Amino acid sequence: MKGWRPPAPFLLLLPAIVVLAAVVIVPLILSLYSSFTPFRLTQPASLYTFVGFRNYARILADREFWTAFGRTVLLLTVALNVEMLLGLGLAMLVEKATSGQRLLRTIMMFPMMFSPILVGFQFKFMFNDNIGLVNNALQSLGLTDQAIPWLIDGSLAFTAILVAEIWSSTSVFAILILAGLLAMPKEPIEAARVDGCTPWQTFRYVTWPFIMPFAYIAMTIRSLDVARAYDIVKIMTDGGPAKRTELIWTLVSRTAYADARMGLANAMAYVAILLSILFTVYFFRKLAAARTQIAAEW
Amino acid sequence: MNENTKARLNGLLLSAAHKIGLFLAMAVICLPGLWIVLASFRPTVEIMAKPPVWIPGDLSFDAYVAMFSGVGQGGIPVIEYFRNSLIVSVTSTAIALAIGMAGGYAFARFRFKVKSSIFLGLMLTRTVPGIALSLPLFFVYSKLGVIDTHFGLIMAYVALNVPFTIWLIDGFFRQVPKDLAEAAQIDGCTRWQAFWQVEFPLAGPGIASAGIFAFLTSWNEFALASQLTRSVNSKTLPVGLLDYTAEFTIDWRGMCALAVIMIIPALVLTFIVQKHLVSGLTSGAVKG
Numbered sequence: 001m002k003g004w005r006p007p008a009p010f011l012l013l014l015p016a017i018v019v020l021a022a023v024v025i026v027p028l029i030l031s032l033y034s035s036f037t038p039f040r041l042t043q044p045a046s047l048y049t050f051v052g053f054r055n056y057a058r059i060l061a062d063r064e065f066w067t068a069f070g071r072t073v074l075l076l077t078v079a080l081n082v083e084m085l086l087g088l089g090l091a092m093l094v095e096k097a098t099s100g101q102r103l104l105r106t107i108m109m110f111p112m113m114f115s116p117i118l119v120g121f122q123f124k125f126m127f128n129d130n131i132g133l134v135n136n137a138l139q140s141l142g143l144t145d146q147a148i149p150w151l152i153d154g155s156l157a158f159t160a161i162l163v164a165e166i167w168s169s170t171s172v173f174a175i176l177i178l179a180g181l182l183a184m185p186k187e188p189i190e191a192a193r194v195d196g197c198t199p200w201q202t203f204r205y206v207t208w209p210f211i212m213p214f215a216y217i218a219m220t221i222r223s224l225d226v227a228r229a230y231d232i233v234k235i236m237t238d239g240g241p242a243k244r245t246e247l248i249w250t251l252v253s254r255t256a257y258a259d260a261r262m263g264l265a266n267a268m269a270y271v272a273i274l275l276s277i278l279f280t281v282y283f284f285r286k287l288a289a290a291r292t293q294i295a296a297e298w
Numbered sequence: 001m002n003e004n005t006k007a008r009l010n011g012l013l014l015s016a017a018h019k020i021g022l023f024l025a026m027a028v029i030c031l032p033g034l035w036i037v038l039a040s041f042r043p044t045v046e047i048m049a050k051p052p053v054w055i056p057g058d059l060s061f062d063a064y065v066a067m068f069s070g071v072g073q074g075g076i077p078v079i080e081y082f083r084n085s086l087i088v089s090v091t092s093t094a095i096a097l098a099i100g101m102a103g104g105y106a107f108a109r110f111r112f113k114v115k116s117s118i119f120l121g122l123m124l125t126r127t128v129p130g131i132a133l134s135l136p137l138f139f140v141y142s143k144l145g146v147i148d149t150h151f152g153l154i155m156a157y158v159a160l161n162v163p164f165t166i167w168l169i170d171g172f173f174r175q176v177p178k179d180l181a182e183a184a185q186i187d188g189c190t191r192w193q194a195f196w197q198v199e200f201p202l203a204g205p206g207i208a209s210a211g212i213f214a215f216l217t218s219w220n221e222f223a224l225a226s227q228l229t230r231s232v233n234s235k236t237l238p239v240g241l242l243d244y245t246a247e248f249t250i251d252w253r254g255m256c257a258l259a260v261i262m263i264i265p266a267l268v269l270t271f272i273v274q275k276h277l278v279s280g281l282t283s284g285a286v287k288g
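In the order they appear, the protein sequences are chains A and B.
Oh and the first sequence: position 178 is 178 in UniProt numbering, straight run, nothing missing.
Oh and the second sequence: position 243 is 243 in UniProt numbering, straight run, nothing missing.
For reference, chain B alone in the conformation it holds in the complex:
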């Protein structure tokens, strides 16, 4: 009997410890983000208060109103930045997906020499740090006159996204059994038809998540954008965030509000991809 209660107590303790650990971990993950959201609704006085005000007294949308009221009233051209971010991210994602589908299909369905070296080579172009790449790109772009344009940024982001898109899409095509496309070809489809009628629909959800991942990369990129953009013509949101920092003062509330604006699309999209993202990454890499 003693043994029994001891074991039961142990089990209870373990499960309590597990719950507490889980709760703490989740709190650490969530807290910084929630704190930003909260701060964006609080008046500056309360954010700066000493001693700190823990229970928010007066919440309002003032920061958002100020942000969208344009330059001059304490606002920054958020709408333009948002538009730039959207144009650049969507276009570069679309192009990267088209290129990535061709490349991923080649890796998943064909055998050819030096396959793994080509794969590694593609990945290595991705490892070049953004800031290191920005030096020659800055020079080339200013010679070509495409600095501070959407086109320049889109090209850079396509190149940034292609390697990873190929990796993911390769993984998704591998999950589609080869026999299906072969059966379709025996039934009289051309290879091209077999691809669009059979393999593409099956790999579709995966390809969509590769797209969302590429979108997020472009949406969040800073190192290249900070050098290749100059004005409202092409500045994206991450670069725009720095508009709130002056030499010695920072408009914390405004920055928090902009941060919330930036995170919402990312949040929604990540929820959609989460399942496929992991399966794409692992199937390509583990099954080889």
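Here chain A stands alone, though its shape is the one from the complex:
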């Protein structure tokens, strides 16, 4: 009697599935369960009281949570769009450069190697109201005689975080879009020019459709990792001043570790996870669509 042999790809994928199940899936199931309990770290017994959707109901009615949620979505939307545009601009600048491309490309990757926590620290240092580079420069140039409270005023702090976020992630877009520009055949552009297209038309109808999949790859990679903004905010303002820069992730960590309300925090975390999944699935589908389009054209 022959034993059943599992198919090869299944065997090859098994280790990955086992590890991910052990470290991600099972803990997440546990946290899903605990989001239905009033679990507090200080009272272990509270893990076994089932309260149904009370945590979720509380979140839904919680203004603070929705403010943080809205701010997170705002941050991501603004950051991703600006990163995309700046990355496109940067890639085109570098592509046009006639000499020193290799050096330019290396410099362009520079922010990528910075740990988000380092990015946060670096911008905290630069935006410091007293000794920061930004204020010092503004004051030395005589543009302002007062110290601008970058990280102390709510909306200024949000801007500072946005700047840090954009600085750290623009290079992902720039690098991948540059790869697209370099891989692009030159004939269509020349043909468009011969046919009398303006530079803008050439870009819009020839170059852009070609590099779009590359932009979506960058978007997908970025969306896998949107929560890295947590590290930046954690060190720059830690959600302050007076919770004006609280993002959904800092709120989760505060609720869980400072207030020790694990059950509630897990419920919030699930909303955060859904948000991330939404972003990723959206860009994956865009990527797949762009891919089939390109495959059809080639």
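Hint data in this document are derived by calculation from the structure and do not stem from the laboratory.
As the structure is a prediction and not an experimental result, all values here were calculated from the model.
The C-beta atom is built at its ideal place from N, Cα and C for all residues, glycine as well.
One should not assume that every hint holds.
[Stated by the list, open to error] Chain A is faced by these chain B residues, among others (derived, beta-carbon under 8 Å):
1. 18
2. 29
3. 45
4. 48
5. 102
6. 249
7. 252
Fit chain B to the supplied structure of chain A, relying on the hints for placement.
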């Protein structure tokens, strides 16, 4: 003639604008990092000076000396943190690479049902925000008693790195023509031999860069490490950076010095991978 000079002038202006734009962009990218490096060599008095001192007067390695002189003399246990970071990053990278090679090979060389859904599923495990994952992991780890150990952090980082490693390695195996391995098999290699003799060497550089990328992810990770580590037993450098911040005061110079220590390995490794990283990401995703 007028037309000619006009066109030439236009061209010159455009190229000047291009150069200026490029220079400004590069300056914005480089400046924050350079400022940190500079600050790490300056005495605290100069960093705090009001009005600001723009031209550094006296540069020294004092911050580095203080940092490595151990706890008590204004130092933090940097050597321990560095060791922890290195152990955790290297081990988790090695494991993630082994798992990622198996998985990437499966995606690149086999056809099977629901392939794209499995791929998406793997990626989705990566999207779980570190801080959201840290809540249940913190609980499970403290039950298992692996909190504040290397093992716990390594497991977490392996899981963090596997999806992306699979994506990259899948891309690199796709670049190796299928015919080569088939030819080797016709010549009498087993599939296993064909893999190690033909496909692995060809995809080698790509796999190495996937490894470096995984290493950097572990090296830089903060959200999980900040909750799963407690003491010098397992604290990594990103968590150690917070040692310099007290309630109201921050040792800017010390932090800058530690930041430089953290960035150097990342800098060197990124230079090595840059070329392969991009080709791996795009070939997997564009050719589908």
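Verification of the hints:
1. 18: Nearest chain A Cβ about 6 Å off; hint holds.
2. 29: Result: holds, 5 Å to nearest chain A Cβ.
3. 45: 11 Å, violated
4. 48: Residue 48 of chain B check passes; min Cβ-Cβ to chain A is 5 Å, inside 8 Å.
5. 102: With a minimum Cβ separation of about 4 Å from chain A (threshold 8 Å), the hint on residue 102 of chain B holds.
6. 249: Check failed: Cβ of residue 249 of chain B comes no nearer than 12 Å to chain A, outside 8 Å.
7. 252: This interface hint holds because 6 Å falls under the 8 Å limit.
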